[in-house]
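Chains R and D are the protein sequences, given in the same order.
Each residue of the first sequence is one higher than the one before, starting from 22 at the first, in this note's numbering.
Each residue of the second sequence is one higher than the one before, starting from 502 at the first, in this note's numbering.
Any given hint might turn out to be false.
Stretches of chain R that chain D covers, calculated by requiring three or more beta carbons in the stretch to come under 8 Å of a beta carbon on chain D [to be verified]: (1) 71–79; (2) 130–142; (3) 199–208; (4) 223–232.
Here are a few chain D residues that face chain R, going by a calculated C-beta distance under 8 Å [to be verified]: (5) Thr-522; (6) Thr-617; (7) Gly-723; (8) Ser-807; (9) Ala-814; (10) Leu-815; (11) Thr-818; (12) Arg-819.
Incomplete in silico selection of chain D near chain R, CB under 10 Å [unchecked claim]: (13) Asp-516; (14) Arg-528; (15) Arg-531; (16) Leu-610; (17) Gly-613; (18) Arg-616; (19) Arg-812; (20) Thr-865; (21) Ala-893; (22) Pro-894.
Everything labelled a hint here was simulated from the structure, so no lab data went into it.
Backbone N, C-alpha and C fix where the C-beta goes; we use that ideal spot for every residue, glycine too.
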Amino acid sequence: MSAALALAAVWKRYPGDPPVETLRDVSLSIDAGELVAVVGPSGSGKTTLLHLMGTLDRPTQGEVRVSGQSVSRLSDVELSGLRAHHLGFVFQQFFLLEGVSILDNVANGLLYRGLPLGQRRAQAEEALLRVGLGHRMRQRPNQLSGGERQRVAIARALVGRPAIVLADEPTGNLDTASGRAIVDLLHELNGDGTTIAVITHNREVAAAMRRRVEIRDGRIVGDSSVAA
Amino acid sequence: MTPTVHARSRFRLVDVLLTGTVGLSARRLRAAFSALGICIGTAAIIGVLGVTQSSEADLLTQIDRLGTNLLTVEKGQGIGGAEEPLPLTARPMIGVLPGVQRVSPTAVLPGGVYRTDLVPAYETGGIGLRATDPSLMLTLNASLLSGGFLNPATSRYPVAVLGFGAAQALGISRLDDPVRIWAAGRWLTVVGVLEPVELAPEIDRSVLVGLDFATSDLGFDGFPTRLYVRADPDRVGGISSVLARTANPENPDQVKVSRPSDALAARLAVQGSATSLFLGLGAVALLVGGVGVANVMVISVLERRSEIGLRRALGATRTHVGLQFLSESLLLSSLGGAAGVAAGVAVTATYATQQGWTVLVPVTAVWGGMLAAVAVGTIAGLYPALRASRMAPTDALRTV
């Protein structure tokens, strides 16, 4: 079975004196259907790792493959296509558009696939039902609680059924109860077959995941699946 | 490696416009204010073109109505601009020229005109006394506001017809009861008031008396100072070239022949040059509006960094992000332009109606103004759009 996402000997260096190495020789493979936590303290290179996995940035050295496709030689347009069709993102700050209804926020997840609006909305409705917000579709983001907003953001990431969903500190802005609910939701979605990688510094969140990859100072220092 | 057929991201044109609308509607007040700049510029352009077009059309109909076949003959004016006498032969000689339809003499008479004999002599009000004959009315194509004009009978008696301006200056508006005025040291009875005579403003400022009365009672020597000539419209050019020689064969260069309708035509030309000035001001206003839009768009790009990052994460290419911001500024300027066209037409309609003109807005001004607004908006949006499209996704997503 081919990996949904794979990093091979990836380095990320930022020029300077001395140059800053945020990722050092990182190799990681996530199979389809996995639920992975990448855990580490702040400054460990987690976010850089997420950006590389999400093709939002390119490695200085090494190879990143999404759905078996090596991204190193792809142009900006091709990378954008890859993101539109194969990747879903969930951010700590939700990044919902305030002037737009919940339904259309989720439908925006399909905006750059060139689907007609009706079709986008139909799929968005389905995604919102999956995250349990079917009753709030016509509302605006500012009418929702933080936990609900994050559910909307998750629905937006899911709506296109991407190969993998990347979540960057999805519970970072939430209280414990809402955070737990989000983690439960991620489990549930993973149960339905969605591949999910969660990046977090919260050990409790990480502990709830089946596989944990520990990162420190730009290096992977532990991988529960390898250890097991 | 197996070659994968790659699905590209697509941003349909409908969605580009839709996204632009959403971006604007989320910041309505700001959008309205920046569109206002474009609106004012466009309205100024449309208004200037509409008002001048309407007034030009009015002038042209005025010229048509008054006719371009009226000529005036006077002796080259003396020092201080006073009218000088023409030879006695001038009138009969011009009258027999082929193509001349009518000749009417007038002569400036000394002495002021006053409402009563109690008014101090220096308060002339700028009104003059002028002798003429009954034919003047027809020659000038003038019409009466009230009363009647001089006729062969009344020309011999102390009666006067007032020009429109003279009547106003003397404060005479009704002739129901006999009205008298004090002119050249005697009382005159007012028998009529003329409507404004556009082609002969000097008549407006005059009190007219009969030639016979002037000769018998006011010491008029019979020399006319200004002749009004109505010529065959097809022969105006030929006649005007021989008028000077006919009026004064000995010194034709001392005679001034003019065509009053030329003054109206000159007003058209003056208006034309004023139009380009105002049009320039309108263009400057539009430009300032464009700078406003650019300003707002640059701020918008800075403020919406995370939105740009999100859209890149959702699969937008650089071009898609640029297009979104360009479409916003395009929408903004189109809205402003459309509102400006409406405002410009409204201003034209209001002003023209007030002036009693036919409302005319040139079609080229409407689409030209709209086009200019859209062009300004596009140019204003280019730099912000470029900035938005160049933002790296990781920078855009980084929260400060």
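Which constraints among the numbered hints does this structure fail? Numbers only, ascending. Violated: hints 3, 4, 5, 6, 7, 15, 16, 17, 18 and 20.
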